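Participant: With the hints as your guide, set chain B onto chain A.
2 protein chains.
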Amino acid sequence: MISRQSAIQIIQDTVKPTTEIDTVGLFESYGRTLAENIISDIDIPPFNRVTMDGYAVVSSDGPGLYSVIEDIPAGKFPTSVVEPGSVSKVMTGAPLPDGADAVIQVEKTGGFVNVGQSAQINEKIRKGQNISSTGEDVNKGDLVIKSGAYIRSAEISVLASMGYDPVKCYRNPSVAILATGDELVAPSQKPGPGQIRNSNGYSMFAQTYSLMLDPISLGVGQDNENDLRDKIERGATHDFLLVSGGVSAGDRDFVPGILRDVGYDLLFHKVNIKPGKPITFGVSNNGRYVFGVPGNPVSSMVAFELFIKPAIRWFSRAPVADSLELEATLLNEFKRKNASREEFRPALIKWENGRFTAELIQYHGSGHFAAMTKANGIVRVDPEVDYLAKDQKVTGKLFSEFYLPIDKA
Amino acid sequence: MISRQSAIQIIQDTVKPTTEIDTVGLFESYGRTLAENIISDIDIPPFNRVTMDGYAVVSSDGPGLYSVIEDIPAGKFPTSVVEPGSVSKVMTGAPLPDGADAVIQVEKTGGFVNVGQSAQINEKIRKGQNISSTGEDVNKGDLVIKSGAYIRSAEISVLASMGYDPVKCYRNPSVAILATGDELVAPSQKPGPGQIRNSNGYSMFAQTYSLMLDPISLGVGQDNENDLRDKIERGATHDFLLVSGGVSAGDRDFVPGILRDVGYDLLFHKVNIKPGKPITFGVSNNGRYVFGVPGNPVSSMVAFELFIKPAIRWFSRAPVADSLELEATLLNEFKRKNASREEFRPALIKWENGRFTAELIQYHGSGHFAAMTKANGIVRVDPEVDYLAKDQKVTGKLFSEFYLPIDKA
Numbered sequence: 002m003i004s005r006q007s008a009i010q011i012i013q014d015t016v017k018p019t020t021e022i023d024t025v026g027l028f029e030s031y032g033r034t035l036a037e038n039i040i041s042d043i044d045i046p047p048f049n050r051v052t053m054d055g056y057a058v059v060s061s062d063g064p065g066l067y068s069v070i071e072d073i074p075a076g077k078f079p080t081s082v083v084e085p086g087s088v089s090k091v092m093t094g095a096p097l098p099d100g101a102d103a104v105i106q107v108e109k110t111g112g113f114v115n116v117g118q119s120a121q122i123n124e125k126i127r128k129g130q131n132i133s134s135t136g137e138d139v140n141k142g143d144l145v146i147k148s149g150a151y152i153r154s155a156e157i158s159v160l161a162s163m164g165y166d167p168v169k170c171y172r173n174p175s176v177a178i179l180a181t182g183d184e185l186v187a188p189s190q191k192p193g194p195g196q197i198r199n200s201n202g203y204s205m206f207a208q209t210y211s212l213m214l215d216p217i218s219l220g221v222g223q224d225n226e227n228d229l230r231d232k233i234e235r236g237a238t239h240d241f242l243l244v245s246g247g248v249s250a251g252d253r254d255f256v257p258g259i260l261r262d263v264g265y266d267l268l269f270h271k272v273n274i275k276p277g278k279p280i281t282f283g284v285s286n287n288g289r290y291v292f293g294v295p296g297n298p299v300s301s302m303v304a305f306e307l308f309i310k311p312a313i314r315w316f317s318r319a320p321v322a323d324s325l326e327l328e329a330t331l332l333n334e335f336k337r338k339n340a341s342r343e344e345f346r347p348a349l350i351k352w353e354n355g356r357f358t359a360e361l362i363q364y365h366g367s368g369h370f371a372a373m374t375k376a377n378g379i380v381r382v383d384p385e386v387d388y389l390a391k392d393q394k395v396t397g398k399l400f401s402e403f404y405l406p407i408d409k410a
Numbered sequence: 002m003i004s005r006q007s008a009i010q011i012i013q014d015t016v017k018p019t020t021e022i023d024t025v026g027l028f029e030s031y032g033r034t035l036a037e038n039i040i041s042d043i044d045i046p047p048f049n050r051v052t053m054d055g056y057a058v059v060s061s062d063g064p065g066l067y068s069v070i071e072d073i074p075a076g077k078f079p080t081s082v083v084e085p086g087s088v089s090k091v092m093t094g095a096p097l098p099d100g101a102d103a104v105i106q107v108e109k110t111g112g113f114v115n116v117g118q119s120a121q122i123n124e125k126i127r128k129g130q131n132i133s134s135t136g137e138d139v140n141k142g143d144l145v146i147k148s149g150a151y152i153r154s155a156e157i158s159v160l161a162s163m164g165y166d167p168v169k170c171y172r173n174p175s176v177a178i179l180a181t182g183d184e185l186v187a188p189s190q191k192p193g194p195g196q197i198r199n200s201n202g203y204s205m206f207a208q209t210y211s212l213m214l215d216p217i218s219l220g221v222g223q224d225n226e227n228d229l230r231d232k233i234e235r236g237a238t239h240d241f242l243l244v245s246g247g248v249s250a251g252d253r254d255f256v257p258g259i260l261r262d263v264g265y266d267l268l269f270h271k272v273n274i275k276p277g278k279p280i281t282f283g284v285s286n287n288g289r290y291v292f293g294v295p296g297n298p299v300s301s302m303v304a305f306e307l308f309i310k311p312a313i314r315w316f317s318r319a320p321v322a323d324s325l326e327l328e329a330t331l332l333n334e335f336k337r338k339n340a341s342r343e344e345f346r347p348a349l350i351k352w353e354n355g356r357f358t359a360e361l362i363q364y365h366g367s368g369h370f371a372a373m374t375k376a377n378g379i380v381r382v383d384p385e386v387d388y389l390a391k392d393q394k395v396t397g398k399l400f401s402e403f404y405l406p407i408d409k410a
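In order, the protein sequence lines correspond to chains A and B.
Heads up, our numbering is the position in the first sequence plus 1, with the first residue counted as 1.
Heads up, our numbering is the position in the second sequence plus 1, with the first residue counted as 1.
Warning: the hint list may mix true and false statements.
[Claimed, not checked] In silico DSSO-like cross-links for lysine-lysine, where the CA-CA straight-line distance does not exceed 30 Å:
| id | chain 1 | residue 1 | chain 2 | residue 2 |
| --- | --- | --- | --- | --- |
| 1 | A | 109 | B | 336 |
| 2 | A | 271 | B | 336 |
| 3 | B | 191 | A | 169 |
| 4 | A | 109 | B | 275 |
| 5 | B | 109 | A | 271 |
| 6 | B | 147 | B | 109 |
| 7 | B | 275 | A | 128 |
| 8 | B | 17 | B | 77 |
| 9 | B | 275 | A | 125 |
[Claimed, not checked] One-sided excerpt, in silico: chain A residues whose CB lies under 7 Å from chain B:
| id | residue |
| --- | --- |
| 10 | 3 |
| 11 | 4 |
| 12 | 76 |
| 13 | 94 |
| 14 | 96 |
| 15 | 133 |
| 16 | 145 |
| 17 | 155 |
| 18 | 158 |
| 19 | 166 |
| 20 | 287 |
| 21 | 365 |
| 22 | 368 |
| 23 | 369 |
| 24 | 370 |
[Unchecked claim] Label-pair distances were calculated between CB atoms; the ranges are:
| id | chain 1 | residue 1 | chain 2 | residue 2 | range |
| --- | --- | --- | --- | --- | --- |
| 25 | A | 24 | B | 112 | 48 to 58 Å |
| 26 | A | 127 | B | 333 | 25 to 35 Å |
| 27 | B | 24 | A | 385 | 48 to 58 Å |
Just so you know, the hints here were simulated from the structure itself, not pulled from any lab data.
Treat the numbers as computed from the prediction; the structure is a model and nothing was measured.
Glycine residues also receive a C-beta, built at the ideal position from the N, C-alpha and C atoms.
Okay, chain A solo, but in the shape it has when bound (with noise of 0.2 Å):
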């Protein structure tokens, strides 16, 4: 049986960065991994730009009553050079007239006049005050964001500055969901005796949407051969095939033989982890990877932050991590009696007084997935640990979909 850090490389290892690239809408782009370099076609600001309200002036003219030459709002060129002695009306996002050194704010003049009147100027301002110069902020041909950036509303306000609407990024990988198991039914359905509803196809649905992607769900595969031979062979026209159950040393989980059938080479069947020991890694040789984890909930989830984000991530190029490692202070302590494998409890991790608090959740092991509704993270337990004392240091991992409640009041 491989360490969690074995299986990582494994994967690291085997997902191999896609090349290819798609062209999208820039509103489409959101979440997705920069697959050009952002090359800016202009000066910013483009050219001398108003940043306040006010008159355009001479700075060395100083206070006094001075001629309105002209109107120039936003997006309108100017035509008129500010003399001394003259003023030309501005608003914020208009090119500083020629001849004008400096932006009065209107606040300190008697107010805007038309043109043709005259404008009280109650103040000497220095020159340069409340101008933009021209490519103060990028100058045309600058390198503004490398391919290879994951493409955040900051992104998407410089990509439309500079004309990316299209833009390239690179292709997210398809994702295929199949839970397994006779004992599976719909949520909409009650269960009969024996059977369970199937929730680890809607958690692995909701995860793999987390990160931006839009997963096929497979539905339900029966423990019979065929009916699952049928969907993974579906699943296998996936970058990823997610399964959930039928991988354990049970003689009717035909999952792991049928996934050899179908193609792929699996690379890990046991990872020394508690939960989500049983998961199954593999890849096939047209490079398509599929991941086998455990049927009860919170080994699947555990497993998906684990080891199927990354994978997942590194297919598309975006940067690994969004969820932070981190030291907290237990808050309460924690014993098992087999220290044997590295664990995972889920935690309700808090920023307070100036540092990161973990209290774990009570948690009756891996079929109770309920406990993982309080929790917003998961602590870390060493192997070979079989103690945590209150208010020592433990390593914690927020989710990415983490969310600290905060009162309205």
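Facilitator: Relative to the frame of chain A, chain B by itself:
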């Protein structure tokens, strides 16, 4: 001019959390606010559930050869009682047969054999081992998630297990976005003299989208009264109208007047922060809200984080904070001449060596939006403070869409 705290108080006092409820499919409920208590209609596990593949045994029997009387996969209900001297083959997820009080994992036996044959049991196992008892995690009738919870993957898992498909959620607000300014052209166009590309319309769209909402873009409103009035009237049919530009003191800034004409009561116009001072907030008598933000991109982005995001979350009764208010060690000093306003500076915030560090990004002012692509949060400079020393503690905020890049290598 009011403080940020007063502005937030006015927003809190004004925005009414919705009482309208949507009934949506489980896949669509992700990222929404739950509008019903989730009560379990079943025990979880619904039966004494086997947690390992192996044999169901009478624990007092101990090692030896035992007759296999039944084969119980997951999803099948047992029909035979396990008497002392007999065992049943059981798979993970299956119900424990009557008579048995423990499960021995297959690895501690001679392996699986067929019904009628004898199984080799190699170890004595304690009563209750490898069994999850009926109702151990949840009892029928338990309140498992309270109305008002934010729906993440963990909640989706519980909703699926308890049959809440569809599920009741509070209505999400509709959000319309309008960029204003004669100087704006579409990203795909090359700006002429005096023109710039519309970026705020795009970044506010992305910021709204990051809240799992689908905003409506109203495009660009030109600085003439009729076009603006037409677009603002359309925007006023949405719960939130976000207008960028046109809200400062310029005499062509028709926006505040039109907002009033359309029925908005404007509650504030300026907040004592930098960037983002000329921010407008209003409410109509039919309970719709408007924000006007400055036309420069950094102001618009910061105003969204500080004011618009909390307002949208209050509307939909979601937990407000998903980005941290944290204390960080400043990596570079900061000086400013005019310390009258509370200021927010773009920063790269990292968790390293057991503490947050904040590196202020080189930043020329509120038009310098390219700086935001280097940042994952902001650092606050309090009013009256004109100097922050290297290594001193500062207050920061991570953007909700922050990332902490970690190299694959």
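Participant: Does each hint fit the structure? Answer for all of them.
Facilitator: Now for the hints, and whether the structure bears them out:
1. A:109 to B:336: holds (26 Å)
2. A:271 to B:336: violated (55 Å)
3. B:191 to A:169: holds (19 Å)
4. A:109 to B:275: holds (20 Å)
5. B:109 to A:271: holds (17 Å)
6. B:147 to B:109: Violated. Residue 147 (chain B) to residue 109 (chain B) sits at ~43 Å, over the 30 Å cutoff.
7. B:275 to A:128: Between residue 275 (chain B) and residue 128 (chain A) the Cα gap is close to 22 Å, so the pair holds against 30 Å.
8. B:17 to B:77: violated (51 Å)
9. B:275 to A:125: holds (24 Å)
10. 3: Constraint on residue 3 (chain A) not satisfied, violated at 17 Å.
11. 4: Constraint on residue 4 (chain A) not satisfied, violated at 19 Å.
12. 76: holds (3 Å)
13. 94: With Cβ-Cβ at 5 Å, under 7 Å, it holds.
14. 96: Check passed: Cβ of residue 96 (chain A) comes within 5 Å of chain B, closer than 7 Å.
15. 133: Cβ of residue 133 (chain A) sits 5 Å from chain B, so the hint holds.
16. 145: This hint holds: residue 145 (chain A) lies near chain B, its Cβ roughly 5 Å from the closest one there, short of 7 Å.
17. 155: holds (4 Å)
18. 158: Because about 4 Å separates residue 158 (chain A) from the closest Cβ in chain B, which is inside the 7 Å limit, the hint holds.
19. 166: Result: holds, 4 Å to nearest chain B Cβ.
20. 287: Given a least distance of 22 Å, the restraint on residue 287 (chain A) is violated.
21. 365: holds (6 Å)
22. 368: Hint on residue 368 (chain A): holds, closest Cβ of chain B at ~5 Å, below 7 Å.
23. 369: holds (4 Å)
24. 370: holds (5 Å)
25. A:24 to B:112: 48 to 58 Å: Since residue 24 (chain A) and residue 112 (chain B) have Cβ atoms about 56 Å apart, the given range 48 to 58 Å holds.
26. A:127 to B:333: 25 to 35 Å: Roughly 27 Å apart at Cβ, these two residues keep to the hinted range, so it holds.
27. B:24 to A:385: 48 to 58 Å: holds (50 Å)
Consistency note: the structure conflicts with the earlier hints numbered 2, 6, 8, 10, 11 and 20.
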